[in-house]
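Heads up, the sequence shown is in our numbering, so the first residue is 4 and it goes up one at a time.
Derived by calculation from the structure, the hints in this document are not laboratory data.
All residues carry an ideal CB built from backbone N, CA and C; glycine is no exception.
Each hint should be verified, as a subset may be incorrect.
Below, computed lysine to any residue pairings styled on SDA-like, alpha-carbon distance capped at 20 Å [said to hold, decoys possible]:
(1) K63 - I121
(2) K146 - T156
(3) K237 - Y145
(4) K244 - N233
(5) K244 - I228
(6) K190 - G65
(7) K63 - C142
(8) K244 - T167
(9) K190 - A224
(10) K70 - T110
(11) K244 - K112
(12) K100 - Y145
(13) K237 - T167
(14) K112 - Y62
(15) K244 - A148
(16) K190 - I140
(17) K146 - K244
Cβ-Cβ distance ranges computed for the label pairs, FRET-style [what the hints assert, rightly or not]:
(18) I220 - S149: 45 to 55 Å
(19) R71 - I144: 18 to 28 Å
(20) T110 - L249: 42 to 52 Å
(21) T221 - A154: 41 to 51 Å
(22) T229 - A154: 24 to 34 Å
(23) I136 - N78: 12 to 22 Å
(24) I213 - M153: 27 to 37 Å
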Amino acid sequence: MFNFNFDKKTMYIITGIMLLFLVMQYATNPGQLLGLLLSAPGVLIAITFHEFAHGYAAYKLGDDTAKRQGRLSLNPFAHLDPIGTLMLLVAGFGWGKPVEVDPRNYTRKISMEKGEAIVSLAGPLMNFILAIIFTLIYCAIYKFASATFMASTVGTVIMLLISTTISINIGLGVFNLIPLPPLDGSKIIMPFLPYKAKEFFVNNEQIFYIVFVLIWITGIAGTIITPAINWVSKGVLALGKLIFGL
Numbered sequence: 004m005f006n007f008n009f010d011k012k013t014m015y016i017i018t019g020i021m022l023l024f025l026v027m028q029y030a031t032n033p034g035q036l037l038g039l040l041l042s043a044p045g046v047l048i049a050i051t052f053h054e055f056a057h058g059y060a061a062y063k064l065g066d067d068t069a070k071r072q073g074r075l076s077l078n079p080f081a082h083l084d085p086i087g088t089l090m091l092l093v094a095g096f097g098w099g100k101p102v103e104v105d106p107r108n109y110t111r112k113i114s115m116e117k118g119e120a121i122v123s124l125a126g127p128l129m130n131f132i133l134a135i136i137f138t139l140i141y142c143a144i145y146k147f148a149s150a151t152f153m154a155s156t157v158g159t160v161i162m163l164l165i166s167t168t169i170s171i172n173i174g175l176g177v178f179n180l181i182p183l184p185p186l187d188g189s190k191i192i193m194p195f196l197p198y199k200a201k202e203f204f205v206n207n208e209q210i211f212y213i214v215f216v217l218i219w220i221t222g223i224a225g226t227i228i229t230p231a232i233n234w235v236s237k238g239v240l241a242l243g244k245l246i247f248g249l
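Whenever a hint applies, use it, and build me the whole structure from the sequences.
Below, the structure is given as structure tokens:
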């Protein structure tokens, strides 16, 4: 996922600014606090499984770095990054604590480059799998639950929690497929690039970082991925409806 190496002082400053932003945002619009509370479980699930998938894929390829560091765990606190988690809550996309891997340990059956692509793809793929699972749960409840349950406060909250979890997983998965460092997409496409393009990509990685930051803070990233998020969301929902005959 992301690999931003902030020192502690910088991290505290950025986290403090974002917390202040959150406080101001919800102070002026208390109704949004409900949205934050509904998003929290989905954020924990999305980040935890995303980072676990990276570590597990690397482990299956022969690298036990993540396992030795305690990252082959579904404990959210092993994977949460303060700034990335706040970004996911504030902006709808963010990141977890990067899982460290050592491609030199990968099985010799594939190249290190292909191994990195597989490990990088595992995170977004896990998010899409989770989105499908929660969509099936949503559709099952919608079809088989009683009208009384659906109209109740408990039913409404449960359905909102599930739908929010679906949206967060799709958003996180699509966002990480953008082919710019430090996102997963940049490593996923690497084996498919011609040699010269690959060389240009590697030699200008810092420039791509800057480009990414610019499209992020200007909102261009959101504009780019929103149609893709909507397309994936419609596809996942269509699958759920097809399976349950809705």
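Evaluated hints:
Between K63 and I121 the CA atoms are separated by roughly 11 Å; this keeps the pair inside 20 Å, and the hint holds. Between K146 and T156, the direct Cα distance comes to roughly 18 Å. Compliance with the 20 Å bound is thereby established for this hinted pair. Distance restraint check for K237 and Y145: the Cα-Cα separation of roughly 17 Å lies within the 20 Å cut-off, and the hinted pair is therefore satisfied. Among the hinted pairs, K244 with N233 is consistent with the structure: their alpha-carbon atoms are about 16 Å apart, no more than 20 Å.
Distance restraint check for K244 and I228: the Cα-Cα separation of roughly 24 Å exceeds the 20 Å cut-off, and the hinted pair is therefore not satisfied. Restraint check for K190 and G65: satisfied, since their Cα atoms lie roughly 18 Å apart, inside the 20 Å limit. About 33 Å separates the Cα atoms of K63 and C142, which puts this hinted pair outside 20 Å; it is violated. Restraint check for K244 and T167: the C-alpha separation of about 18 Å stays at or below 20 Å, so the hint holds.
Our distance criterion of 20 Å between C-alpha atoms is met by K190 and A224, whose separation comes to about 18 Å. Note on K70 and T110: the hinted pairing holds, with a Cα-Cα distance of about 16 Å set against a maximum of 20 Å. Proximity of K244 to K112 is assessed by CA-CA distance (about 40 Å); at most 20 Å being required, the pair is judged violated. For the proposed pair K100 and Y145, the alpha carbon gap of about 35 Å is over 20 Å, so the pair is violated.
Only pairs whose Cα atoms come within 20 Å are accepted, and K237 paired with T167 is accepted, the gap being roughly 15 Å. At most 20 Å may separate the alpha-carbon atoms for a hinted pair to count; K112 and Y62 meet this at roughly 14 Å. Proximity of K244 to A148 is assessed by CA-CA distance (about 15 Å); at most 20 Å being required, the pair is judged to hold. The suggested pairing of K190 with I140 is violated, with an alpha-carbon distance near 32 Å, which exceeds 20 Å.
About 10 Å separates the Cα atoms of K146 and K244, which keeps this hinted pair within 20 Å; it holds. Against the hinted window of 45 to 55 Å, the Cβ-Cβ separation of I220 and S149 comes to about 47 Å, which satisfies the hint. In this structure, R71 and I144 break the distance hint of 18 to 28 Å, their C-beta atoms being roughly 40 Å apart. The supplied range of 42 to 52 Å is met by T110 and L249, whose beta-carbon atoms lie about 43 Å from each other.
For T221 and A154, the Cβ-Cβ distance of about 43 Å falls inside the hinted range of 41 to 51 Å, so the restraint holds. A hinted range of 24 to 34 Å for the beta carbons of T229 and A154 is consistent with their spacing of about 32 Å. Separation of I136 from N78 is about 20 Å and conforms to the stated range, judged on CB atoms against 12 to 22 Å. Distance hint check for I213 and M153: the Cβ-Cβ separation is about 49 Å, which falls outside the suggested range of 27 to 37 Å.
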